[in-house]
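Protein chains: 8
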Amino acid sequence: MKREELKSILNKVKSGEIEPEEAEEMIRLEPFVDLGYARPDTHRELTQGAAEVIYGEGKSAAQIAGIAQALLGAGQERVLITRLAAQKADELSNSLELEYFDEALIGLIGGLPEPVGDGKVAVVTGGTSDCHVAEEAALTAEALGSRVQRIYDVGVAGIHRLLANAGDLSQANAVIAVAGMEGALASVVGGLVDCPVIAVPTSVGYGASFHGVAALLAMLNSCASGVSVVNIDNGYGAGYLANMINQRTGKER
Amino acid sequence: MKREELKSILNKVKSGEIEPEEAEEMIRLEPFVDLGYARPDTHRELTQGAAEVIYGEGKSAAQIAGIAQALLGAGQERVLITRLAAQKADELSNSLELEYFDEALIGLIGGLPEPVGDGKVAVVTGGTSDCHVAEEAALTAEALGSRVQRIYDVGVAGIHRLLANAGDLSQANAVIAVAGMEGALASVVGGLVDCPVIAVPTSVGYGASFHGVAALLAMLNSCASGVSVVNIDNGYGAGYLANMINQRTGKER
Amino acid sequence: MKREELKSILNKVKSGEIEPEEAEEMIRLEPFVDLGYARPDTHRELTQGAAEVIYGEGKSAAQIAGIAQALLGAGQERVLITRLAAQKADELSNSLELEYFDEALIGLIGGLPEPVGDGKVAVVTGGTSDCHVAEEAALTAEALGSRVQRIYDVGVAGIHRLLANAGDLSQANAVIAVAGMEGALASVVGGLVDCPVIAVPTSVGYGASFHGVAALLAMLNSCASGVSVVNIDNGYGAGYLANMINQRTGKER
Amino acid sequence: MKREELKSILNKVKSGEIEPEEAEEMIRLEPFVDLGYARPDTHRELTQGAAEVIYGEGKSAAQIAGIAQALLGAGQERVLITRLAAQKADELSNSLELEYFDEALIGLIGGLPEPVGDGKVAVVTGGTSDCHVAEEAALTAEALGSRVQRIYDVGVAGIHRLLANAGDLSQANAVIAVAGMEGALASVVGGLVDCPVIAVPTSVGYGASFHGVAALLAMLNSCASGVSVVNIDNGYGAGYLANMINQRTGKER
Amino acid sequence: MKREELKSILNKVKSGEIEPEEAEEMIRLEPFVDLGYARPDTHRELTQGAAEVIYGEGKSAAQIAGIAQALLGAGQERVLITRLAAQKADELSNSLELEYFDEALIGLIGGLPEPVGDGKVAVVTGGTSDCHVAEEAALTAEALGSRVQRIYDVGVAGIHRLLANAGDLSQANAVIAVAGMEGALASVVGGLVDCPVIAVPTSVGYGASFHGVAALLAMLNSCASGVSVVNIDNGYGAGYLANMINQRTGKER
Amino acid sequence: MKREELKSILNKVKSGEIEPEEAEEMIRLEPFVDLGYARPDTHRELTQGAAEVIYGEGKSAAQIAGIAQALLGAGQERVLITRLAAQKADELSNSLELEYFDEALIGLIGGLPEPVGDGKVAVVTGGTSDCHVAEEAALTAEALGSRVQRIYDVGVAGIHRLLANAGDLSQANAVIAVAGMEGALASVVGGLVDCPVIAVPTSVGYGASFHGVAALLAMLNSCASGVSVVNIDNGYGAGYLANMINQRTGKER
Amino acid sequence: MKREELKSILNKVKSGEIEPEEAEEMIRLEPFVDLGYARPDTHRELTQGAAEVIYGEGKSAAQIAGIAQALLGAGQERVLITRLAAQKADELSNSLELEYFDEALIGLIGGLPEPVGDGKVAVVTGGTSDCHVAEEAALTAEALGSRVQRIYDVGVAGIHRLLANAGDLSQANAVIAVAGMEGALASVVGGLVDCPVIAVPTSVGYGASFHGVAALLAMLNSCASGVSVVNIDNGYGAGYLANMINQRTGKER
Amino acid sequence: MKREELKSILNKVKSGEIEPEEAEEMIRLEPFVDLGYARPDTHRELTQGAAEVIYGEGKSAAQIAGIAQALLGAGQERVLITRLAAQKADELSNSLELEYFDEALIGLIGGLPEPVGDGKVAVVTGGTSDCHVAEEAALTAEALGSRVQRIYDVGVAGIHRLLANAGDLSQANAVIAVAGMEGALASVVGGLVDCPVIAVPTSVGYGASFHGVAALLAMLNSCASGVSVVNIDNGYGAGYLANMINQRTGKER
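Taken in order, these protein sequences are the chains called A, B, C, D, E, F, G and H. With numbering that gives the first Met the number 0 applied, the first sequence corresponds to residues 0 to 252, in that order. With numbering that gives the first Met the number 0 applied, the second sequence corresponds to residues 0 to 252, in that order. With numbering that gives the first Met the number 0 applied, the third sequence corresponds to residues 0 to 252, in that order. With numbering that gives the first Met the number 0 applied, the fourth sequence corresponds to residues 0 to 252, in that order. With numbering that gives the first Met the number 0 applied, the fifth sequence corresponds to residues 0 to 252, in that order. With numbering that gives the first Met the number 0 applied, the sixth sequence corresponds to residues 0 to 252, in that order. With numbering that gives the first Met the number 0 applied, the seventh sequence corresponds to residues 0 to 252, in that order. With numbering that gives the first Met the number 0 applied, the eighth sequence corresponds to residues 0 to 252, in that order.
Because the hints were derived from the structure by calculation, they are not lab data. Nothing here was measured: the structure is a model prediction, and the numbers come from that model. C-beta: ideal position from N, C-alpha, C; glycine also. Take the hints with a grain of salt, since some may be wrong.
Stated by the list, open to error - Sample of chain C residues facing chain B (criterion: CB under 8 angstroms; computed from the structure):
1. 11
2. 54
3. 57
4. 61
5. 127
6. 128
7. 130
8. 151
9. 152
10. 153
11. 165
12. 203
Could you build all of it, start to finish, from the sequences and the hints given here?
Next comes the structure, spelled out in structure tokens:
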């Protein structure tokens with residue numbers, strides 16, 4: 000949204016030609032940059048409360064660089080790039096100041112911010128192999144301003160490992176439960192806490208895990224209340240949502 | 000949990016035999032009533048922040064009555080019974096003071112409470128046929144203490160109907176998006192608001208909707224951030240979670 | 000197997016014409032009665048260690064009666080009929096002395112035997128609605144000679160209910176874990192005991208439970224060792240196997 | 000169809016031996032060239048209104064060259080080769096004058112024609128990653144004679160990007176909506192225009208997108224009228240059909 | 000849209016305050032009636048080129064009557080109600096002048112119109128059992144103004160039955176191919192004509208037809224060009240689209 | 000095909016105008032009766048070697064009667080009606096001389112013929128519940144002229160029951176193996192005989208049998224050679240094919 | 000089976016100790032060679048009417064060589080090896096006289112035999128890409144003694160290409176119909192011939208072909224009689240069965 | 000569990016403060032080592048009767064080494080590592096004394112133990128390609144202390160190969176039946192023995208085997224009693240369970 004446009008809208012409000020509410024919608028619903036191959040939303044913080052994030056899979060390094068520069072040029076302070084292969088990260092490093100987290104496959108421009116407020120997000124995993132999805136979730140939440148506690152390899156077949164961490168879990172504003180195979184972690188965690196649990200099925204497993212379907216179904220059918228589910232391996236989505244819940248807890252509208 | 004048990008635990012804390020944190024876990028993790036066919040959790044408000052709810056499907060009226068009485072006897076103020084067929088509701092009315100909501104298939108003992116706080120939950124549906132699931136969600140949230148705004152039949156094939164309600168949606172602390180068929184509602188709503196969106200796929204549709212699978216998959220793959228998903232037709236789960244988020248927004252820990 | 004046939008085989012053994020091992024196979028592999036519509040195995044205790052059982056579904060009352068009489072006529076002491084609808088049980092009662100267990104849909108001729116040995120089988124369920132499958136399992140094991148302990152409605156979303164029974168579980172020779180929805184019970188139980196756990200997914204649930212598929216997949220992917228799975232709702236199969244394991248525990252070959 | 004054959008048929012018509020209608024069917028239903036491994040249809044423009052196209056996948060460069068030469072030899076002016084890997088395109092360039100479009104994986108002999116008439120086809124995509132399928136569609140339509148307008152990266156989670164192009168969309172004779180993930184684009188577009196919308200699900204996505212199945216189901220269940228669907232990633236089929244509709248709009252029979 | 004609103008918009012255009020194109024969008028995107036349970040689109044002919052249709056499944060007779068009256072009240076000349084059970088049709092007949100087509104499960108208020116133009120739509124079926132879906136398609140197209148030719152029971156296992164009708168098919172502006180079981184009809188028809196073929200899989204069949212999935216997949220994979228697919232049993236969608244194509248053929252923009 | 004038409008064709012052959020081979024094709028590819036709702040093939044014995052059969056499911060008694068009379072009127076000696084519900088059979092009995100086989104749901108006009116030749120078809124089933132599908136197969140083969148031997152309830156879990164019939168099986172020209180549940184019968188039978196085995200999966204079973212899918216997949220993956228598969232519960236198809244193979248065995252072309 | 004064993008059996012028959020029928024079963028059911036990793040059946044021609052074939056996939060070259068030599072050593076004249084990768088074929092050529100057919104991935108020791116009798120098998124394909132599966136079928140049938148006619152690329156979207164070959168098809172004793180994508184070929188062919196049609200779905204296609212599932216389902220649901228199906232890409236199975244049918248046609252038992 | 004902790008518990012028991020049963024649970028439910036990326040259970044022999052096993056897939060060589068050393072350090076005598084790729088085994092060999100079994104992909108530290116007791120486990124496979132899964136099962140059972148008998152390549156299509164081993168099978172305390180493709184082996188074996196049969200579906204096969212799903216479904220639907228199933232290719236799980244059953248047979252509680 001160019002400055003002139005905004006001025007014009009506000010002038011109309013002043014002259015009474017349009018109502019303030021209409022102006023708000025106009026401002027929220029308008030602006031993006033047309034790069035031909037992409038239309039990044041330079042106004043996203045207004046509509047969504049968090050800046051535009053780049054999904055790196057299926058985009059060339061050049062396309063990613065183009066979008067990142069458009070966002071930075073429009074004044075966005077920090078750019079998060081998910082599903083960024085190591086090789087593309089190398090290429091991007093030539094033109095952009097990029098921090099790369101290889102387990103999470105995340106690139107970050109602008110550095111991790113200080114956590115906002117006192118609340119925290121807890122990230123738990125069923126096993127060691129689920130950790131890269133967990134890291135995507137944890138880093139996303141951190142990049143958006145949340146404090147994160149990691150509790151890994153506490154799968155339900157050794158229930159004592161999870162119970163030993165019940166105290167920590169009950170301090171969180173949101174818990175992200177990451178598990179493959181039978182995905183039972185979400186249900187047990189859901190029964191231990193009184194905050195929202197975001198379940199992330201992972202594609203970890205073999206045979207009848209069907210690349211995460213078994214865990215996905217288990218989580219959708221969780222008999223615990225307060226549990227909702229995101230796509231298989233979608234650490235980013237879980238981290239985004241957990242941060243949103245965490246930030247809004249204790250914040251008056 | 001009987002009074003003596005509690006007293007014993009607290010005495011041990013006083014004498015230093017156990018630490019307060021241990022005592023908290025003991026108290027939170029213990030009590031339920033064993034009815035033989037069921038073990039309702041009479042202590043659930045402590046562990047989960049909301050009282051035990053009865054899932055009516057697959058239980059006889061006698062079993063439901065038994066569980067309800069156990070909960071009321073343990074001091075629970077209000078009992079919500081979901082998936083309660085009209086005929087069982089009739090039977091229950093003989094022995095219990097039950098309010099019955101037929102579109103939502105919900106029975107309620109103890110009446111709807113006054114909403115807590117100023118926040119609200121919005122419930123939107125794609126079509127008229129999704130309304131009974133939406134009502135299950137709305138009534139659950141209301142029974143747990145949330146103010147609810149209903150916005151029905153605003154499916155994306157007539158996008159102007161949804162946009163006309165964008166202002167209302169942006170005021171909510173949580174939005175429940177209920178849709179069958181192609182389930183696209185969640186994505187469009189997710190792009191309009193900055194609060195969590197809980198997507199509820201419904202079994203409305205025919206042919207390749209596969210009883211809600213098409214909507215479920217669409218919602219799991221939503222390209223909007225802040226969207227998570229519950230089971231097909233799970234209005235209760237969505238209402239429970241939306242209320243949890245709504246109640247915790249603006250509440251310091 | 001008619002007496003003459005057996006005599007002939009044994010004579011051949013005596014005369015050295017065939018080896019004893021061959022004779023054993025001949026005797027084990029031969030006999031059944033041809034009723035036209037069915038060939039019940041009157042020799043099953045020799046080959047399988049347990050008498051022939053009638054699967055009632057899809058057979059008429061007349062066919063069931065015919066098979067039962069063939070088995071009784073061949074000297075079988077007790078006949079178990081599974082998946083027996085109440086109405087067929089009524090019809091059978093006219094001609095046979097049948098005990099009927101309606102929750103388990105089981106008919107029994109010859110009465111429940113005294114348990115053999117000191118061992119026991121434990122049957123646990125996730126919820127109240129899983130009980131009819133659990134009863135099919137429990138009664139099957141009892142009819143075959145096992146002592147059975149029932150522990151119902153101890154689903155993992157309230158993990159304290161299960162942990163409160165951990166002592167009982169650790170006394171069993173085999174545990175049958177019966178659960179629908181997310182089927183997580185098997186994994187948690189599997190981590191608590193050191194005997195075989197037989198997981199029975201049930202069709203309890205809705206939406207993405209897909210009539211038991213979610214629970215089935217979860218159980219097949221259990222991260223606990225010592226867990227194996229039978230078909231959805233197959234209480235009989237689990238009871239049969241649990242009894243077999245229970246009977247053989249502590250029995251020298 | 001050799002000249003003699005055609006003459007013979009027409010002579011029979013003249014002599015009254017066969018009716019003109021019969022002759023038309025005979026002519027339309029006959030001719031192809033038998034190359035052993037393939038039978039390209041050298042008469043396709045008569046039966047189908049558009050020349051034979053070569054599907055490059057699973058054919059060797061030699062086979063493709065053979066078919067192309069058979070078609071050119073039979074007088075076909077332009078040959079379109081889809082799903083043509085870059086390496087095969089290189090090989091073909093030695094013997095044929097081939098233009099290669101690498102994003103669309105399309106090879107073209109004979110060059111792009113001038114658009115026929117004033118109508119146009121619009122191609123919209125949900126995201127940047129859908130563009131190679133969109134290009135297959137766009138180039139196919141162009142190769143067959145349509146004017147094409149590309150509107151890329153206008154997914155529904157940022158609905159303002161799509162609405163900003165509503166005017167352009169309403170000018171098209173046919174719209175091709177290309178989207179992966181939740182595939183909601185087709186429904187929203189279908190609600191904005193009054194011409195046929197051809198929905199192309201793409202395999203873009205991960206986890207529960209199941210290589211395009213989520214988008215496919217969403218599109219089949221579209222609540223907008225005027226929407227039909229082609230196979231996952233089938234840009235060619237959509238471009239072919241869109242051109243057919245575009246060409247026939249405004250053409251008297 | 001009330002008259003005053005329209006007047007206001009047009010005045011702004013006249014005064015140059017808004018451009019005519021903007022006004023067009025404003026007018027097209029606005030109006031619907033809010034009935035609480037439904038928001039029928041009273042302006043749909045402007046946006047979509049065809050009046051609002053009521054999907055009868057899952058709506059009560061009272062709801063259908065309410066929507067129909069809202070549409071008639073807003074000046075819509077003719078109301079089509081699909082998936083209308085015979086009993087609801089009876090109820091509606093008391094308050095509305097309804098014509099009922101029982102094979103198609105269609106109710107029509109306002110009568111069938113005279114066909115517009117000379118073009119026609121052909122509807123072909125694979126078997127006798129597919130006819131009720133075919134009738135839904137045929138009547139929809141007729142109600143929207145198309146001339147329809149029915150060619151039933153011409154499945155591909157007796158290919159001569161279809162070839163005998165090839166002449167008729169080649170005269171149509173659009174062909175609707177309705178088939179269950181293996182759904183091969185669409186491919187063969189697609190190879191015989193040069194106009195769009197809309198394939199409608201039906202749930203006719205058993206076993207591995209999976210309620211229409213076999214036919215759906217076959218049609219999506221059709222090797223004939225110009226074929227697109229709608230949902231299983233979606234006769235209405237096919238009829239709507241076929242009419243749209245038919246009406247636009249030979250119509251200058 | 001009317002007599003005059005045939006005469007005309009043959010005259011043309013005589014005069015040398017058309018070749019005998021062309022005439023054969025003309026005669027084979029032409030005739031059917033158009034009843035509006037159906038086009039029964041009155042010439043099917045020429046093209047397919049067996050008369051037209053009526054699939055009763057989804058057709059009204061009146062429609063069935065109409066088709067049957069058309070076939071009888073065209074000189075067909077015997078009419079087989081499959082999937083014929085008992086009630087429709089009753090209705091048909093009023094106007095037609097119909098023999099009804101209730102286990103097989105088959106109606107027959109014209110009586111069972113004497114078997115042709117000495118060969119036979121064997122029909123084996125895994126269990127008692129598979130018998131109605133087996134009877135559909137057996138009666139179809141008998142109605143078309145084959146001698147049939149039934150061997151029922153010889154499932155592989157009691158392999159001695161099957162081996163006891165190995166001699167009979169090895170005498171057959173074709174074996175139909177009918178089984179639900181795990182469908183293993185086809186593989187074992189396939190290893191015992193040297194004639195074609197036609198495997199028929201049945202929908203007998205529960206849970207993970209998925210209405211015959213488990214048996215279908217097992218049969219498709221049979222490690223025995225000479226086994227092919229028809230649709231779930233398709234006794235008719237198996238009987239038709241088995242008869243075809245049986246009749247052609249020992250018949251010179 | 001060693002000579003001594005056979006002699007012993009026959010002596011017992013002579014002496015009347017066992018009946019000839021029993022002896023036949025003994026001889027047919029016994030012999031194989033135990034190689035540790037495999038037990039090839041050196042007596043298969045007696046039980047199955049065709050010699051043992053080696054499935055090359057998942058076996059090392061050394062294992063294949065071991066099995067082949069065991070079979071040749073037991074007197075088998077010709078050894079067919081299917082799914083044999085080119086590299087393994089090279090390795091085998093060092094120790095065995097192997098003819099390799101690369102399109103079919105078949106290795107043959109002992110050479111192709113002269114066809115037995117006058118009958119033939121026809122192999123038709125829908126497209127060029129189906130040819131390698133077709134070649135596996137054709138070569139298998141030839142290796143077992145059948146004359147084979149190949150008719151490739153006659154898919155149903157250009158129905159005239161198939162009809163032009165109808166005469167050839169009607170001369171075959173068995174037809175193998177090989178097709179991917181929508182798999183409609185089997186139904187059309189099934190309607191044109193009066194001999195068994197063996198349908199082979201192929202994994203050719205993309206998107207919703209699901210690696211051959213679409214074709215498989217279409218073929219299982221074929222509305223033509225006389226069609227049965229083998230596994231996806233199972234050219235060998237089809238060739239084996241077609242040869243069996245072909246050889247037995249015109250052969251008295 | 001540190002020594003002090005254990006001492007403290009035992010002191011409390013001595014002083015009567017806690018009951019011995021409570022102490023047992025405390026000891027059994029506590030200890031693990033937190034490595035950050037993993038929490039191996041150093042006390043597993045107490046809770047589960049067998050030491051902790053490392054699942055090598057998805058863990059780096061360094062992580063595996065870390066876990067192995069933690070277990071050895073805690074006094075575990077033998078460490079089994081499953082799904083261990085050859086290259087990682089090489090790396091581990093530098094720091095650990097590892098025996099590597101390449102067909103089974105198993106690494107073993109501490110050597111194979113002498114078998115405990117006289118009982119044995121039998122492992123049977125359907126084909127040669129199933130052997131690597133069978134070896135994983137066999138070696139696991141051996142590493143845990145069982146005597147194992149291997150009987151490979153006895154698939155049901157050559158039933159005599161299996162029957163020839165019936166004597167051996169009937170001597171086992173548990174049978175592991177490993178098969179891909181149609182998975183029929185489990186049912187036939189289940190009918191021959193009177194001990195538990197653990198069925199392991201393998202991903203061996205192609206087309207409609209769907210990577211083991213066909214075998215999995217067949218085994219879940221086994222009509223033989225005493226059969227239960229583990230995940231596709233889960234040789235480890237089967238070996239673990241078979242050993243557990245074998246060890247407990249003939250052992251008094």
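Cross-check of the supplied hints:
1. 11: 58 angstroms, violated
2. 54: 24 angstroms, violated
3. 57: Since the shortest Cβ distance to chain B is 24 angstroms, the answer is violated.
4. 61: Violated. Min distance 32 angstroms.
5. 127: Holds: closest Cβ of chain B sits about 5 angstroms from residue 127(C), inside 8 angstroms.
6. 128: 4 angstroms, holds
7. 130: 6 angstroms, holds
8. 151: 6 angstroms, holds
9. 152: For residue 152(C), the interface hint holds, since the closest Cβ of chain B sits about 5 angstroms away, which is under 8 angstroms.
10. 153: 7 angstroms, holds
11. 165: 13 angstroms, violated
12. 203: Hint on residue 203(C): holds, closest Cβ of chain B at ~6 angstroms, below 8 angstroms.
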